[in-house]
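Chemist: Once you've looked at the hints, dock chain B against the given chain A.
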Amino acid sequence: MSPGRYKIFLGMAAGVGKTYRMLQEAQAELGAGRDVVIGYLEPHKRQETSDQAFGLEVVPRRPVTYREVTVEEMDLPALLARAPELALVDELAHSNPPGLEHRKRYEDIADVLAAGTDVFSTVNVQHLESLNDQVAALTGVRVRETVPDSVLGTADEVVLIDLTPEALVERLRAGKIYPGESIDAALNNFFRIENLAALREVSLRQVAESVEAKRLTLAVTPKAVGERILALVRPQPSSQRLVRRAWRSAQRLGTDLDLLWVKRPGESIEGEVERQVTALRQLASVLGAKLLIEEHDDLVAAAARVARERGTTYLMVGESEPRRGLARLREPLPQRLMRATPPGVDVRIVAHRSTAGRGEA
Amino acid sequence: MIEHVLVGVALALGLGGGFLLARREHARRIRGAEPVHRILLPFTGTEISRRAVDAALRLARAEDAELMPAYLAQVPMRLPLECSIPNEAGRAMAMLETIEQRAASQGVPVDARIERGRSYRHALERLLDTETVDRVVVPAGSVNGSEGLGGEDLIWLLEKAPAEVLILRPAPGGVQTQLAAISA
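Chains as they are written, first to last, in this note's numbering: chain A, 1 to 361; chain B, 1 to 184.
For reference, chain A alone in the conformation it holds in the complex (with noise of 0.2 Å):
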């Protein structure tokens, strides 16, 4: 049986409009024929949203008690007796009282999904766990029923409930979203223009990020087993070259990147040399890549040494300053490394850009 597919209304704050606009997607699906169940709901006691749920069926919540408190949970094992096409669970963050099925809501719409019925669920930005302590900063208030990132990634469609902050603060003042007495407080604390203004701009990051994992991951390239690419950087700018050449190597391998600078013993880091380590530095950073220092007077044996310890499929190396003098007669650096390194390491060379012309070896 093919698991169901799932699908997230993710909104900034109660109050956008979540369980509305599910409810008006459950009722489009029914008018189209479809089998639709509520397995929970959540009206808040918002009149528009509970006749937004008229004529949808509804699987009776059970009765829990619970240090001597009864309340009412969803009833997973009459949900997935009754089998729907498509069942509705609200607010997928809730966490359940002890001695139920599971300990968490989501972990509920998991058994829903695999026994192959669809699900349409909610929750609000602040309860995704990576995002809680941003939140708790941004606006002051931690929510405690927190789930993992991972749970969005699941979904096959996430669908951001966006609104303007002014136009949630009017829906909060004409006492759509709380009761009366319930809205000044409401107003004073999390309802603040900066706070919805800043869960906005999260919401919607946290969509557009999901929808571009969600397509690199359909378009990842499979990580080659071992690969392993070694650049062999100087702190100059034309080092760069070489860093992004091998860091596009490594993209199209999915495969990590080393930086390696063999420092002379005894050779100060400071001035221009320091400025450019710290470039390198910063540019290793941005790429994921790690930039490694080693001092030893042989660049060759370091090179190896390194390309052994880190299991080094790829050797790059930047085009040799031409050789003057004595250094003619002396083994190009290539070379050297080809010997000098593993069998099964290949050596590439990346040319100047002012030499780009020849091409690279």
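Hint data in this document are derived by calculation from the structure and do not stem from the laboratory.
Only a predicted model underlies this, so the values are computations on that prediction, with no experimental measurement involved.
Backbone N, C-alpha and C define an ideal beta-carbon position, used for all residues, glycine too.
Just to be clear, a hint being listed does not mean it is correct.
As the list claims (entries may be wrong) - Using 20 Å as the maximum straight-line C-alpha spacing, the simulated EDC-like pairs for lysine to aspartate or glutamate come out as follows:
| id | chain 1 | residue 1 | chain 2 | residue 2 |
| --- | --- | --- | --- | --- |
| 1 | A | Lys104 | A | Asp118 |
| 2 | A | Lys7 | A | Asp149 |
| 3 | A | Lys290 | B | Glu88 |
| 4 | B | Lys160 | B | Glu131 |
| 5 | A | Lys290 | B | Glu82 |
| 6 | A | Lys263 | A | Glu295 |
Unchecked claim - Computed footprint of chain A on chain B; a stretch qualifies when at least three of its residues, placed anywhere within it, have a C-beta under 8 Å from a C-beta of chain A:
| id | stretch |
| --- | --- |
| 7 | 68 to 82 |
| 8 | 93 to 104 |
| 9 | 110 to 118 |
Modeler: Just chain B, lined up with the frame of chain A:
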């Protein structure tokens, strides 16, 4: 006897020539270590005004300066500022490669940067904190654009940048003046 003298003279000439060449090379290296003039060309996104690149290159050539094209990248608040940004880096690489090609054809040395910030202005501020530049060339086309450095950012730049700021008016050619990135 004459052969010995000739060999001696040849040796002396060789040593003298070698000494002079070494001194010249040493002097060249010392000159290379002197602080160079630097022209900063900050940009965002995947297009940059060709006029801005050309103007920066003309200045760099005239002043024997180095061009520092800098891609400004925004890092979302939920991520650490120093995190890796491969998607942005991919875009930056293509742009930097294009600018570098153009600079190489005109013999201008390039020292590129990718700078992260919470906003484009923040990225530029961080860059100016760490790098010493003599001029900043900014295309004014981005003022009206939906992304990149806006009008307020340029005013901020004029007030705060510890360098001369050159804001270039957009060319009438519109899209044709954009230097689009090509794959490196």
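Chemist: Next step is simple, just say for each hint if it's right about the structure.
Modeler: To see whether the hints hold, each was checked on the structure:
no. : hint                : verdict
1   : A:Lys104 - A:Asp118 : holds, 19 Å
2   : A:Lys7 - A:Asp149   : holds, 15 Å
3   : A:Lys290 - B:Glu88  : holds, 18 Å
4   : B:Lys160 - B:Glu131 : holds, 14 Å
5   : A:Lys290 - B:Glu82  : holds, 13 Å
6   : A:Lys263 - A:Glu295 : holds, 5 Å
7   : 68 to 82            : holds (count 5)
8   : 93 to 104           : holds (count 6)
9   : 110 to 118          : holds (count 7)
Violated hints are absent here; each numbered hint is respected by the structure.
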